[in-house]
Structure formats: structure tokens, C-alpha cells
Amino acid sequence: MHTSPHVLQPASVRSVMFRVLLALIPGIAAYVWFFGAAILVQLALASVTALAAEALMLRLRDKPVMLFLTDGSALVTAWLVALTFPPIAPWWLTVTGVLIAIIVVKHLYGGLGQNPFNPAMVAFCTMIVAYPQLMSQWPRAEFNALGPMLHAIFSGDRQLDALVMATPLDALRTVLRDPEQRATIAGILGSHASFGNIGGRGWEWIAAGYLLGGLWLIQQRIITWHVPVAFLVTLMVIATGFSMANPERFVGANFHLFTGGAMLGAFFIATDPVSGCTTPLGKLIFAAGAALLTWIIRSFGAYPDGMAFAILLMNLLVPLIDMNTQPKVFGHSGKPRGKE
Amino acid sequence: MLELFRFKGGVKPASHKQESSGAAIQAAPLPPLLVVPFRQSATGAAAIQVQAGDTVLKGQVIGTAEGPFGTVVHAPTSGTVRAIEARPLPHPSGLAAPCAIIEPDGEERWIERTSLDPFTADAATLRERIRDAGIVGLGGAAFPSHVKARAAIETLVINGAECEPWITCDDRLMRERAADVVAGARILGRLMGAKRILFGIEDNKPEAADALRAVLTECEGASCQVVAVPTLYPAGGEKQLIRVLTGIEIPYGKLGPDFGVQCFNVGTAYAVARAVLHGEPLVSRIVTLAGNYGQPGNFEVLIGTPMDALLPLGQPGVDTDRIVMGGPMMGFPVPDLGVPVVKATNCLLAMSPALFPPPPPEMPCIRCGACTRACPMVLQPHELYWYSKSKNFGKSQEYHLFDCIECGCCAFVCPSRIPLVDYYRFAKSEIRAREREKAAADTARDRYEFRQFREEREKAEKAARLAAKAAETKAKLAQEEAAKSADAASAEPVKVGAGETAPQAGKAGTSSAPDKAALIAAAQARAAAKKAAAAEAADAAPSKEENA
Numbered sequence: 001m002h003t004s005p006h007v008l009q010p011a012s013v014r015s016v017m018f019r020v021l022l023a024l025i026p027g028i029a030a031y032v033w034f035f036g037a038a039i040l041v042q043l044a045l046a047s048v049t050a051l052a053a054e055a056l057m058l059r060l061r062d063k064p065v066m067l068f069l070t071d072g073s074a075l076v077t078a079w080l081v082a083l084t085f086p087p088i089a090p091w092w093l094t095v096t097g098v099l100i101a102i103i104v105v106k107h108l109y110g111g112l113g114q115n116p117f118n119p120a121m122v123a124f125c126t127m128i129v130a131y132p133q134l135m136s137q138w139p140r141a142e143f144n145a146l147g148p149m150l151h152a153i154f155s156g157d158r159q160l161d162a163l164v165m166a167t168p169l170d171a172l173r174t175v176l177r178d179p180e181q182r183a184t185i186a187g188i189l190g191s192h193a194s195f196g197n198i199g200g201r202g203w204e205w206i207a208a209g210y211l212l213g214g215l216w217l218i219q220q221r222i223i224t225w226h227v228p229v230a231f232l233v234t235l236m237v238i239a240t241g242f243s244m245a246n247p248e249r250f251v252g253a254n255f256h257l258f259t260g261g262a263m264l265g266a267f268f269i270a271t272d273p274v275s276g277c278t279t280p281l282g283k284l285i286f287a288a289g290a291a292l293l294t295w296i297i298r299s300f301g302a303y304p305d306g307m308a309f310a311i312l313l314m315n316l317l318v319p320l321i322d323m324n325t326q327p328k329v330f331g332h333s334g335k336p337r338g339k340e
Numbered sequence: 001m002l003e004l005f006r007f008k009g010g011v012k013p014a015s016h017k018q019e020s021s022g023a024a025i026q027a028a029p030l031p032p033l034l035v036v037p038f039r040q041s042a043t044g045a046a047a048i049q050v051q052a053g054d055t056v057l058k059g060q061v062i063g064t065a066e067g068p069f070g071t072v073v074h075a076p077t078s079g080t081v082r083a084i085e086a087r088p089l090p091h092p093s094g095l096a097a098p099c100a101i102i103e104p105d106g107e108e109r110w111i112e113r114t115s116l117d118p119f120t121a122d123a124a125t126l127r128e129r130i131r132d133a134g135i136v137g138l139g140g141a142a143f144p145s146h147v148k149a150r151a152a153i154e155t156l157v158i159n160g161a162e163c164e165p166w167i168t169c170d171d172r173l174m175r176e177r178a179a180d181v182v183a184g185a186r187i188l189g190r191l192m193g194a195k196r197i198l199f200g201i202e203d204n205k206p207e208a209a210d211a212l213r214a215v216l217t218e219c220e221g222a223s224c225q226v227v228a229v230p231t232l233y234p235a236g237g238e239k240q241l242i243r244v245l246t247g248i249e250i251p252y253g254k255l256g257p258d259f260g261v262q263c264f265n266v267g268t269a270y271a272v273a274r275a276v277l278h279g280e281p282l283v284s285r286i287v288t289l290a291g292n293y294g295q296p297g298n299f300e301v302l303i304g305t306p307m308d309a310l311l312p313l314g315q316p317g318v319d320t321d322r323i324v325m326g327g328p329m330m331g332f333p334v335p336d337l338g339v340p341v342v343k344a345t346n347c348l349l350a351m352s353p354a355l356f357p358p359p360p361p362e363m364p365c366i367r368c369g370a371c372t373r374a375c376p377m378v379l380q381p382h383e384l385y386w387y388s389k390s391k392n393f394g395k396s397q398e399y400h401l402f403d404c405i406e407c408g409c410c411a412f413v414c415p416s417r418i419p420l421v422d423y424y425r426f427a428k429s430e431i432r433a434r435e436r437e438k439a440a441a442d443t444a445r446d447r448y449e450f451r452q453f454r455e456e457r458e459k460a461e462k463a464a465r466l467a468a469k470a471a472e473t474k475a476k477l478a479q480e481e482a483a484k485s486a487d488a489a490s491a492e493p494v495k496v497g498a499g500e501t502a503p504q505a506g507k508a509g510t511s512s513a514p515d516k517a518a519l520i521a522a523a524q525a526r527a528a529a530k531k532a533a534a535a536e537a538a539d540a541a542p543s544k545e546e547n548a
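Line order of the protein sequences matches chains A and B. Number 152 in this note's numbering belongs to position 152 of the first sequence; there are no gaps in the numbering. Number 217 in this note's numbering belongs to position 217 of the second sequence; there are no gaps in the numbering.
In short, the hints are calculated from the structure, not lab data. Any given hint could turn out to be false.
Pairs of lysine-lysine, DSSO-like flavour, derived with a Cα cap of 27 Å [stated by the list, open to error]: (1) B:Lys459 / B:Lys395; (2) A:Lys328 / B:Lys395; (3) B:Lys438 / B:Lys254; (4) B:Lys391 / A:Lys63; (5) B:Lys438 / B:Lys428; (6) B:Lys459 / B:Lys438; (7) A:Lys328 / B:Lys389; (8) B:Lys254 / B:Lys428; (9) B:Lys476 / B:Lys462; (10) B:Lys254 / B:Lys8; (11) B:Lys469 / B:Lys484; (12) B:Lys474 / A:Lys328; (13) B:Lys391 / A:Lys328; (14) B:Lys8 / B:Lys395; (15) B:Lys12 / A:Lys328; (16) B:Lys428 / B:Lys395; (17) B:Lys476 / B:Lys391; (18) B:Lys476 / B:Lys459; (19) B:Lys469 / A:Lys328; (20) B:Lys438 / B:Lys8; (21) B:Lys469 / A:Lys63; (22) B:Lys438 / B:Lys389; (23) B:Lys469 / B:Lys459; (24) B:Lys462 / B:Lys474; (25) B:Lys428 / B:Lys8; (26) B:Lys428 / A:Lys328; (27) B:Lys484 / B:Lys474.
Remember, predicted model here, so these are calculated numbers, not experimental data.
Chain A extracted, bound-state conformation:
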């Protein structure tokens, strides 16, 4: 027997997931524009792997395969893995990353809705720890010839000097930490080929694409403003503050916002509902913490981009944050739960 309510608003997990995929399209389009179609190959590779792994795990777990396979969640994970990995990563790196995300992080923790950690970010962190070299080979700015890139992906030949260049974050970090160089930030940004107008060359436009898609997700009420705003504002405030205090050592806010995974993280990864906070205040704390950790790891850590580690660290704190940020229930005093 059906019980009330007897009417439902048209909504489904599938429509949520497919709108997230749609929102990634502007960023992907910019990606293709600046770095060629290799990323499409990676996306396809990741998608096929994810769907196969999802189907296998659903069958092993005795779940309705078609219902869950078509919900789009595996594709979102696959796309985020592909978009955070280097576009010229060898095929097996992408495949392994997706398998880790889907099999270990998602299904071994109970499948859709149950994973405490963001699957794509675990895949990224595992791979950057295991294969730091491969995970750091990013294509030269505005290099978009598909042939050499496909060769790099599928041949196993990693003699890529003509192809590869340090990412803006990597370049900045290397130069700044080398006392021999006596470089200034203004000097580096002006001289190095990987830097564009405000972020990395090309990358800044991809970030703008993610920003556009992310704003559409807010308009569609798939995500709320809390996470992106708290993430970007925190990153901006910290970066601006430190860069004003010590412009020799710390780079400014524009650069932080428009390089690396900041924009993708703010709108598409830190907003992952399953592994993130659910209360409004909790979302603000979660995103601000992730931004702070991102900046710390970028500025002082061993890895060029700290977004993935920052998100995972904040994932750990989600139950604690949620528990202590419960909003005031209608008619009740504002005291926290269980203490009234």
C-alpha cells in the first residue's frame, strides 16, 4: 500500500547525476580547446571502466544492476577521476584510479550513498602517492596535438620531454623553494611559459568553465551556495592576506583560484553530498577547512596541489561537524541537540 505523500515532485538520483555531468561540459569544452581531444579519450576510458566495475560490484553484491548502473553516479566519479588526472596519464593509471574509486571506495563501503570518502579524491591521492612522476606529467600549455598524446597514453613510452611541462603550481613551488633562484613571484609569473593572465595558461579558462557549470548547478538547486562560496572566499582571503604580507613568498588569490583543482573542487568535489556535510553551517565549515588545508598544502606541502588531500581530511571530520552544527528546530531554543 502506498502511503502519503501520494504525489512526488519529478526528481531522481539519475537526473541529479546527469545534470552534474552536464555542468562539467563547459570546463571539458575549454579543456579540449586548449589541450586537445586526449581528455575525451581519458573520459571515455574512465567511463567504460567505471560502468564495468559498477556492474560487476552490483552483481557481486546482489543489487539490481540496471537500476543502479543507470543512476549516473559511477559516471560522475569516472569523469572527476579523468579530469583530475593528467590528460596524458598512461591508460592503466586512469583505469586503476577508477577501479579504486568504484570498487574500494564506493562499493566496499556499501555502494551509492554510503562512502565516507570522496571516491575520485581517494583515487587521486592513491595514485599521486604511488606514481608521483606519472601524476605530475601535464601537457605543455596549448599543446593539443592528439597523436603524440595518444601515443603517450597507450604506448607506455614515457619519453615526453617535448610534450610535458610543469604545471603552474608545480613551477611556482619549485622556483620559490630554490634559494639559488632568488626569484620573485612577479618575475616567475611574467617569465614562465605555463602562466596565463590570472592562473595557468589554458587552465584558467578551464577553471572558468567549471565556474560557469557550477553556477548553473546552484541555479538548478543541485548544490547550494554554501560550499563553493565558503571554499573560494576562504582561499581568496588567506591567499590575499599572505600575499600582501609577504609578496615575495606567497602568490595572490587570483592565481590560487584559477589554477589546479580549486574551481573543480569548489563546485564539483567539495559539494559531493555523500561524503560532505549536510547542515548549512557544517557545509561552510567543511568548505572553509578544505580551502585552508588546500592553501597550506600548496604553500608548504610536498605536493603541488593539495585540494584532494584537503577534501579527504575534511571528509574525516564530517560526522563531527554535522553533529555539532545542527540547525535550530522550529520552535526550539538554539541550544545544540541533546543538551536541551
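Since the structure of chain A is already known, use the hints to place chain B on it.
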């Protein structure tokens, strides 16, 4: 202009009001048999005052109020009582309860009706009239109105929001019978000493609001105002409407009068006016037939009309697969169409798979937070779901499960199509059942302990009685002995050391047996006294002397 407040959350389902709001209220024809339940309110029952074979008049009392929350039950029309028997009632469980089966004679002969002047009658008389007219909340809760009208308040809210989709019975009532709605509100306002009366109507019913405004003159001692509130489900929920109109938030466990405000449905206000001004008890109500009907509309229906006699008036479609009593957001499927229309029946929604498609398969919660944004009580529905599903009832209460008003907003928006309200109902009923079990176990334990205490006490009392008796006997024997020995002493010459021989005689000799018995009895008495004292120590600690 009154400042309006917002409540958080809420949803906007398609309203579907036009289908049934256009046509005027029609009187439903008399059914061949009426089934009038003796339980007409949410809280109380009635004492049955008729038996099979009695003839009754329209409005005649057939059940008197039992207890402070009981309400009076009336014959909805004139006719003959055919039987008093248990019939299923419109309740999700299909529970059966005693009903009067009345065969109408078709003459609609009324009892003698007397009107009260609401401006001279005192409050107690008015409340008595409301109780004797069998008036309960017609918005759906069916709580006795005379109980609600006891409080003294500042603000009286008359609820004409009618936020559930499809239902239009209040809309039509306000449009067509505005004068009595306002008169009833004024009576209630005067009864409760309200300083202002606010009629809250969703802004999708401008005709109803205009109709009320047209008859609204300055209310007796109170300022009256018709307020259009934004159309946002569940604006017609009592707590939400009070919040919108006054800014007051009434938490779970508190009542409106604690904050100087009380809320009645427009249908209830109308019924009050009919009862006070015209002496008519509540024997009919307006019911909307909406949904899968060829001729949807509103009908004035006698309480007790079997639903299967009423439904054909709307010409339900052939693909109708179930009838829901109430609206699509909070109504429940009627388990059996033979059940009668009761005072809480505001709408009979005909459902078909085409109009109300069955829900898609349930998916796991992805914590997207759509439910938290929709919840008008600012709860965390996904957490409540999590804890209810895992039967962690302590946690679900900690997350304010009982603040949930079961409005259905969370399930309405859930992309995973989880029947969330079901989980909350399950958890609530489990918790209530456990509390009942615990209460029953506590009572049983108390009774067992008291029985043990009583048995001990009786044993002790018996022992004490025996001991007292033995002591008495011993004293008697001793006296006799003493008398004997005195006699002997007087007869024989006094021996030297007679005083010494007496204790020896106590140890051995003819008098030793009763002596021993007396000693044992005394010891037993002391022990019994000790035990009794210890048993009584359950209430107060015994003093040292008693113990010693």
C-alpha cells in the same frame, strides 16, 4: 498592513484546485442507511443513548460525551435506529468501532432548535453549547473544540489556508457561507477574549478572501483581518499558519494558548455559528470529491454517509484504483469504501495510476539535503531516516522525531524516492509501543513488589499475634503458678532460701515446659517485630530503638 513571517522550507505541489472549486456546494442525497460512529473525536468516546428500534429526529443526541474530551453524537437525520454494531471506521488500520445504523425516513424532521445570543450568554454556556453540538476540529484533526476554546488568548487564527492540493471544501464554504464563518469566528473570539482575529487564506483563493472581507465589519471588541498568505505547502499546518501570521513558533509539546494564540479551521467556525445562532448540532460537513472524477465538486454530506453512497455523485473514472481520505500530501487510502464519512473527512480523492503514478523504486539516500531544505520544522529528515531505519530510536528522538508533523515535504522532494514519512511513522509507533510496554512492565513490577511486601507483612502480623497470645498465656500461667505457690507458702512453713529455689524451679521442674514455650514465643515475637519494622522501613527508616 499586517507584517507576515516566513516559515523555513515548504514545497509547491501543483494545486489542482480549479477542478473542483468552480461549482457550488450541492447537498448530497440521503443514503439508504447511515453509519454513525460513536467515536467522533480524536480523543473521546460517547455513551450510547439509543438502541435498535428507536426512532430518532435529526439532531437528536444518540451518544453523550464521556469524560472531559468526549463529544456528543447526534442523529444526522430523522429515521429509525436499525442496529448498534461495530463497523470499520475511516482509519488507516480499518479499525472497527461501535456505530449506530440509522435508516432515514426521508422527512428530515429536526429536534427543537434554540438559538443562543452569543453577546449575552456567558462563556460556560457557550462552551457547553459547542460541546453539546458535537463540534470538533474540521480541518482533519477532529480535536474537541470546546476543549480548545477553554483558553484565554490574545490572537485567534482562523485557518482558511487549505494548502493541500485538490481540496476546495473550505474555499467553497468561505465563498458561499462567509457570514456564518465570520460569525463563528466572532463567537470563538469573544469566548476566548481574543484581541484580534486573523483569517489566514492562501493567496490562490482571492474569491474566498473577498467574500470574507465583504461581510467583515468591526468584530466585537477585537480587530478582524483577512490575510492572504503566500501559497506554500504546508502553510495551512496549524504551527506554520500561526508562524506566518504572528511570528510565533510553537514547539512540540506546547500548545497555542501557551503563547496567547489559538487556531480553528473555517469549517469549525462555521459549525460554531450554526450551533450557537441556529441551535443546529454538527451533523453534516462539506466534502470535496476531486481527482479521477467525471464531475468533481463539493457536497454537503451527512456525517455517517457511507463513502460508497457518496462517491457516485462525482462519477469516479473506471480506472480509479483507490480512494484517499484527505489530500495527496497527508491523506491515507481508505481500506474499505463502506466506511462512513466522519467529521474529519474533508476530501475523498479518487486516484488512478494515470493521475497518481506509483512511486519509482526506492534508491539509497545520497544525503543531497533536498529534504532538509524542504522541511518546514527545520528537522534533518535524512538523519531521522537513517536512525529510524537502523532502529536507533534514542537517536531519532534526539534529532526531534516527534517534532515531525508528517507533512510529506521531504518525501515529495526526495530524488531517491524514499517513503520518508513511512519510516518516521514506523519509528514513532515503535517508540510509543515501547513506552507502553515499559509502563506496563513498571506496573507489573510494582504490583509484584507490593504483593511480596504484603505477604511479608501479613506473615509478620500473624507471628506477632501468635506471640502476643503466647505471652498472654504464659503470663496467665505464671499468675496461676504464683497463686498456687502463694497458697502453698501460706500452707507450709517458709523454707530458708525459697528465693533461690524459684529460679531453679524455672530451669527445671514442673513449670519449666510452659516457661520455655513463653521464651520461644517471646523470641519469635521480637523477630517478627523486627521483620515488620524492616518491612515498614520501605517508607521510613526505622529508629534504632525499634531495631534494637
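Here's how the hints hold up against the structure:
1. B:Lys459 / B:Lys395: violated, 48 Å
2. A:Lys328 / B:Lys395: holds, 17 Å
3. B:Lys438 / B:Lys254: holds, 24 Å
4. B:Lys391 / A:Lys63: holds, 23 Å
5. B:Lys438 / B:Lys428: holds, 15 Å
6. B:Lys459 / B:Lys438: Violated, because 31 Å separates the two Cα atoms, which is more than 27 Å.
7. A:Lys328 / B:Lys389: holds, 23 Å
8. B:Lys254 / B:Lys428: Holds, at roughly 18 Å.
9. B:Lys476 / B:Lys462: Judged against 27 Å, a Cα distance of about 21 Å means the pair holds.
10. B:Lys254 / B:Lys8: holds, 20 Å
11. B:Lys469 / B:Lys484: holds, 22 Å
12. B:Lys474 / A:Lys328: Between lysine 474 (chain B) and lysine 328 (chain A) the Cα gap is close to 79 Å, so the pair fails against 27 Å, i.e. violated.
13. B:Lys391 / A:Lys328: holds, 24 Å
14. B:Lys8 / B:Lys395: This hinted pair holds, its Cα atoms lying about 23 Å apart.
15. B:Lys12 / A:Lys328: holds, 23 Å
16. B:Lys428 / B:Lys395: holds, 12 Å
17. B:Lys476 / B:Lys391: Answer violated: lysine 476 (chain B) to lysine 391 (chain B) is near 73 Å, above 27 Å.
18. B:Lys476 / B:Lys459: holds, 26 Å
19. B:Lys469 / A:Lys328: Violated, because 72 Å separates the two Cα atoms, which is more than 27 Å.
20. B:Lys438 / B:Lys8: violated, 36 Å
21. B:Lys469 / A:Lys63: violated, 83 Å
22. B:Lys438 / B:Lys389: holds, 22 Å
23. B:Lys469 / B:Lys459: holds, 15 Å
24. B:Lys462 / B:Lys474: holds, 18 Å
25. B:Lys428 / B:Lys8: holds, 23 Å
26. B:Lys428 / A:Lys328: Given that 27 Å is the threshold and the Cα spacing comes to 21 Å, the pair holds.
27. B:Lys484 / B:Lys474: holds, 15 Å
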